[in-house]
Amino acid sequence: MTTKLFSNGTILSFDDETNAVKVFRNSSMLVNGDQITAIGAGIEVPARAEIIDVTGKILTPGFINTLVALSEIRCSPFTVRCWSAKTRGKPLVQVERAEL
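When we follow full-length UniProt numbering, the leftmost residue of the sequence shown carries the number 1, and every step to the right adds one.
To be clear, the hints were calculated from the coordinates, so they are not data collected in a lab.
All values derive from a computational prediction rather than experimental measurement.
There are no misleading hints in this set.
Pair ranges (Cβ atoms, derived):
id	residue 1	residue 2	range
1	R48	N19	31 to 41 Å
2	N26	P46	13 to 23 Å
3	I52	K22	18 to 28 Å
4	D53	N32	11 to 21 Å
5	D16	I58	18 to 28 Å
6	A47	A20	27 to 37 Å
7	A47	N19	36 to 46 Å
8	A20	R48	28 to 38 Å
9	E17	T60	15 to 25 Å
10	N26	K4	11 to 21 Å
11	G40	T2	19 to 29 Å
Restricting the straight-line Cα-Cα distance to at most 35 Å, the calculated cross-link-like pairs of lysine-lysine (DSBU-like) are:
id	residue 1	residue 2
12	K22	K57
13	K57	K4
14	K22	K4
We treat Cβ as the ideally placed atom computed from N, Cα and C, and that holds for glycine.
From just these sequences and the hints, can you work out the full model?
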């Protein structure tokens, strides 16, 4: 199983307790195989982990198709009518405007 540590980045995750986006600044994310096993600062790094420096980058694990600007969903007549889609009970526009 491959172990990777993405270090020193900003990680956006979802907090199930508050139904909000949780921001981890200057933090790391440990991935074992296809599972995220830890997010935060001061993660113990396994001896054989590949360390990937993501300083100045934003990681969005679990967010799908992040290359689509949520504000552009209605711009094309050829897009799927997804502006009414919900994310954890919140409209996409509200998620788009979440404060970091």
